[in-house]
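Enquirer: Sequence:
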Amino acid sequence: MTTRPSPGDLLTIDGRASVQFAGGRALTFRVVSVSDQPTYHGWIWLTGYVLNRRGQATAKREVYVQLAGLHPATSTPAPRRSRATRPYASRNDQSDGRAARDRSGLHARADAR
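Each residue of the sequence shown is one higher than the one before, starting from 90 at the first, in the working numbering.
Be a bit skeptical, because a hint or two may be false.
[Unchecked claim] Think about it this way: if two alpha-carbon atoms lie no more than 25 Å apart in a straight line, the pair counts; the simulated SDA-like pairs of lysine to any residue are:
1) 149 with 133
2) 149 with 103
3) 149 with 136
4) 149 with 104
5) 149 with 98
6) 149 with 94
7) 149 with 111
8) 149 with 124
9) 149 with 110
10) 149 with 90
11) 149 with 123
12) 149 with 125
13) 149 with 134
14) 149 with 101
15) 149 with 99
16) 149 with 109
17) 149 with 95
Simulated from the structure, these hints should not be mistaken for laboratory data.
Sequences and hints are given; from them, build the entire structure.
Expert: Following this line, the structure appears as structure tokens:
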């Protein structure tokens with residue numbers, strides 16, 4: 090990469106960007122900000138989020154990398170929305186729960202006693 094990354098860019102940070110990310114330590118990184126702090130020629134400070142395979146942010150990091158070693162990441166899947174833990178209540182269940190008891194037969198058994 091020859092241009093400075095911008096916030097929102099998705100990058101692969103691996104051993105080409107810095108030896109600390111070589112091998113199995115490569116990151117998929119979503120850039121949040123790019124520092125204007127002076128550095129050695131060709132190096133840059135980036136702040137952003139490390140993404141897992143699902144595209145979910147797992148950690149916020151600040152990394153010091155070589156600009157020439159940065160590469161656009163292949164697209165990651167969009168984060169999944171979490172599923173509801175229980176189904177939505179029906180209109181009749183939104184007050185005192187009487188409709189749910191009626192459907193379960195508990196109310197009918199109580200009257201039978």
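Enquirer: Now look at each hint and say whether the structure bears it out.
Expert: Structure-based check of all given hints:
1. 149 with 133: holds (17 Å)
2. 149 with 103: Within the cut-off at roughly 17 Å; holds.
3. 149 with 136: Status holds; Cα separation ~7 Å.
4. 149 with 104: Holds: residue 149 and residue 104 sit about 19 Å apart, inside 25 Å.
5. 149 with 98: Status holds; Cα separation ~15 Å.
6. 149 with 94: holds (17 Å)
7. 149 with 111: Answer holds: residue 149 to residue 111 is near 19 Å, not above 25 Å.
8. 149 with 124: The given pair, whose Cα atoms are some 15 Å apart, holds under the 25 Å limit.
9. 149 with 110: Holds, at roughly 16 Å.
10. 149 with 90: holds (22 Å)
11. 149 with 123: holds (14 Å)
12. 149 with 125: holds (19 Å)
13. 149 with 134: holds (13 Å)
14. 149 with 101: Judged against 25 Å, a Cα distance of about 15 Å means the pair holds.
15. 149 with 99: holds (14 Å)
16. 149 with 109: Between residue 149 and residue 109 the Cα gap is close to 17 Å, so the pair holds against 25 Å.
17. 149 with 95: Satisfied, since the Cα-Cα distance of roughly 16 Å is no more than 25 Å.
Of the numbered hints given earlier, the model fails none.
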